[in-house]
Amino acid sequence: AQSVTQLDSHVSVSEGTPVLLRCNYSSSYSPSLFWYVQHPNKGLQLLLKYTSAATLVKGINGFEAEFKKSETSFHLTKPSAHMSDAAEYFCVVSVNAGNNRKLIWGLGTSLAVNP
Amino acid sequence: ETGVTQTPRHLVMGMTNKKSLKCEQHLGHNAMYWYKQSAKKPLELMFVYSLEERVENNSVPSRFSPECPNSSHLFLHLHTLQPEDSALYLCASSQGTGQGYEQYFGPGTRLTVT
Chain E
1 AQSVTQLDSH VSVSEGTPVL LRCNYSSSYS PSLFWYVQHP NKGLQLLLKY
51 TSAATLVKGI NGFEAEFKKS ETSFHLTKPS AHMSDAAEYF CVVSVNAGNN
101 RKLIWGLGTS LAVNP
Chain A
1 ETGVTQTPRH LVMGMTNKKS LKCEQHLGHN AMYWYKQSAK KPLELMFVYS
51 LEERVENNSV PSRFSPECPN SSHLFLHLHT LQPEDSALYL CASSQGTGQG
101 YEQYFGPGTR LTVT
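If you're matching them up, the sequences are chains E and A in order. Our numbering numbers the first residue of the first sequence as 1 and each following residue consecutively. Our numbering numbers the first residue of the second sequence as 1 and each following residue consecutively.
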């Protein structure tokens with residue numbers, strides 16, 4: 001069965017320090033993977049996506065993620081956190097299910113950035 | 001207007017009311033979606049439209065009725081809702097419905113059912 005697990009429901013970092021948001025997936029097929037961000041009272045915004053090209057994917061706002069098939073992981077990182085990065089982050093797996101596509105959403109990780 | 005817009009942004013309605021949520025996408029996409037976002041739960045896909053045809057309905061109660069008059073507009077008609085239907089309702093669009101297509105989201109409508 002396909003699934004997505006975001007390993008931390010809350011992450012707190014200091015401004016200027018690295019960010020690591022962890023995501024593991026389970027899929028019988030070669031998946032596409034996405035990270036979305038949701039700022040308070042706003043819709044979801046795509047940060048980056050992996051679709052079987054380069055395993056290290058660069059996104060907006062300095063974020064990047066590495067697809068590791070052997071570890072079934074797609075962790076999101078940023079070298080230096082900014083106050084504006086405080087938001088909810090969602091890891092998403094897209095898998096083909098017969099003739100349809102199915103998106104499986106993680107429960108989200110709330111990122112707090114302290115001054 | 002750019003991207004995906006939703007109106008209203010906030011809605012309070014009684015259980016006997018009838019209201020509609022509106023979504024409009026300005027991206028030239030041909031697929032549109034309704035999602036329900038509740039606290040502590042994964043995002044729930046409600047409906048999918050591709051080329052104005054409903055292609056997915058995920059066991060949503062009949063008190064929610066979608067309408068897609070053209071590829072740019074999507075409505076969600078609401079009637080006799082329950083308090084547990086209070087949530088953030090998100091609209092999204094994508095170029096296609098294949099595996100690699102990312103979805104673009106609107107800001108959502110925060111619905112409170114009293």
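In short, the hints are calculated from the structure, not lab data. None of the values given here were measured: they were computed from a predicted structure. The beta-carbon is built from N, C-alpha and C at its ideal position, and this holds for glycine as well. Treat the hints with care, since some could be wrong.
Mimicking BS3-like on lysine-lysine, the simulated pairs with C-alpha atoms at most 25 Å apart in a straight line are [unchecked claim]:
| hint | chain 1 | residue 1 | chain 2 | residue 2 |
| --- | --- | --- | --- | --- |
| 1 | E | K42 | E | K102 |
| 2 | A | K40 | E | K102 |
| 3 | A | K41 | E | K102 |
| 4 | A | K36 | A | K19 |
| 5 | E | K49 | A | K18 |
| 6 | E | K68 | E | K42 |
| 7 | A | K36 | A | K18 |
| 8 | A | K19 | E | K49 |
| 9 | E | K102 | E | K49 |
| 10 | E | K68 | E | K102 |
| 11 | E | K42 | A | K19 |
| 12 | E | K68 | E | K58 |
| 13 | E | K42 | E | K69 |
| 14 | E | K42 | E | K58 |
| 15 | E | K49 | E | K69 |
| 16 | E | K102 | A | K18 |
| 17 | A | K22 | A | K36 |
| 18 | E | K102 | A | K36 |
| 19 | E | K58 | E | K69 |
| 20 | E | K49 | A | K41 |
| 21 | E | K49 | E | K68 |
| 22 | E | K42 | A | K40 |
| 23 | A | K22 | A | K41 |
| 24 | A | K41 | E | K42 |
One-sided and incomplete, this derived list gives chain E residues near chain A with beta-carbon spacing under 8 Å [as the list claims (entries may be wrong)]:
| hint | residue |
| --- | --- |
| 25 | G43 |
| 26 | L56 |
| 27 | I60 |
| 28 | F63 |
| 29 | K69 |
Results of checking the hints against the structure:
1. The suggested pairing of K42 (chain E) with K102 (chain E) holds, with an alpha-carbon distance near 24 Å, which does not exceed 25 Å.
2. Simply put, K40 (chain A) and K102 (chain E) have alpha-carbon atoms about 21 Å apart, close enough for the 25 Å limit, and the pair holds.
3. Distance restraint check for K41 (chain A) and K102 (chain E): the Cα-Cα separation of roughly 17 Å lies within the 25 Å cut-off, and the hinted pair is therefore satisfied.
4. Proposed proximity of K36 (chain A) and K19 (chain A) is supported: the alpha carbons are some 16 Å apart, at most 25 Å.
5. The suggested pairing of K49 (chain E) with K18 (chain A) is violated, with an alpha-carbon distance near 38 Å, which exceeds 25 Å.
6. In summary, the hint linking K68 (chain E) to K42 (chain E) is not supported, as the alpha carbons are separated by about 30 Å, beyond the 25 Å threshold.
7. Distance check on the hinted pair: K36 (chain A) and K18 (chain A) sit about 18 Å apart at the alpha-carbon level, within 25 Å; holds.
8. A C-alpha spacing of about 36 Å is found between K19 (chain A) and K49 (chain E), which places the hinted pair above 25 Å, so the restraint is violated.
9. A hinted pair counts as satisfied when its Cα atoms are at most 25 Å apart, and K102 (chain E) with K49 (chain E) qualifies at roughly 15 Å.
10. Proposed proximity of K68 (chain E) and K102 (chain E) is supported: the alpha carbons are some 21 Å apart, at most 25 Å.
11. Pair hint K42 (chain E) plus K19 (chain A) holds up; C-alpha atoms about 22 Å apart against a cutoff of 25 Å.
12. Restraint check: the Cα-Cα separation between K68 (chain E) and K58 (chain E) comes to about 15 Å, which is no more than 25 Å; the hinted pair holds.
13. For the hint pairing K42 (chain E) with K69 (chain E), the CA-to-CA distance comes to about 32 Å; that exceeds 25 Å, so the pair is violated.
14. Simply put, K42 (chain E) and K58 (chain E) have alpha-carbon atoms about 23 Å apart, close enough for the 25 Å limit, and the pair holds.
15. Note on K49 (chain E) and K69 (chain E): the hinted pairing holds, with a Cα-Cα distance of about 15 Å set against a maximum of 25 Å.
16. With a C-alpha separation of about 31 Å, the suggested pairing of K102 (chain E) with K18 (chain A) is violated against the 25 Å cut-off.
17. Of the supplied pair hints, the one linking K22 (chain A) and K36 (chain A) holds, its CA atoms being roughly 14 Å apart against a limit of 25 Å.
18. A distance of roughly 16 Å separates the Cα atoms of K102 (chain E) and K36 (chain A); the hinted pair therefore holds under the 25 Å criterion.
19. Distance check on the hinted pair: K58 (chain E) and K69 (chain E) sit about 17 Å apart at the alpha-carbon level, within 25 Å; holds.
20. Simply put, K49 (chain E) and K41 (chain A) have alpha-carbon atoms about 22 Å apart, close enough for the 25 Å limit, and the pair holds.
21. Distance hint between K49 (chain E) and K68 (chain E) is fulfilled; the C-alpha atoms sit about 14 Å from each other, no more than 25 Å.
22. With a C-alpha separation of about 17 Å, the suggested pairing of K42 (chain E) with K40 (chain A) holds against the 25 Å cut-off.
23. For the proposed pair K22 (chain A) and K41 (chain A), the alpha carbon gap of about 24 Å is at most 25 Å, so the pair holds.
24. For the given pair, K41 (chain A) sits about 17 Å from K42 (chain E) by alpha-carbon distance, which is consistent with the 25 Å threshold.
25. Because the beta carbon of G43 (chain E) sits about 4 Å from the nearest beta carbon in chain A, less than 8 Å, this interface hint is met.
26. Because the closest C-beta pair between L56 (chain E) and chain A is about 17 Å apart, greater than 8 Å, the hint is violated.
27. The interface hint given for I60 (chain E) is violated, since its Cβ lies 12 Å from the closest Cβ of chain A, which is over the 8 Å cut-off.
28. The closest approach between the C-beta of F63 (chain E) and any C-beta of chain A is roughly 15 Å, which is over the 8 Å cut-off, so the hint fails.
29. A distance limit of 8 Å between C-beta atoms decides the matter here; for K69 (chain E) the minimum to chain A is near 16 Å, and the interface restraint is violated.
Hints 5, 6, 8, 13, 16, 26, 27, 28, 29, counting from the list given before, are not met by this structure.
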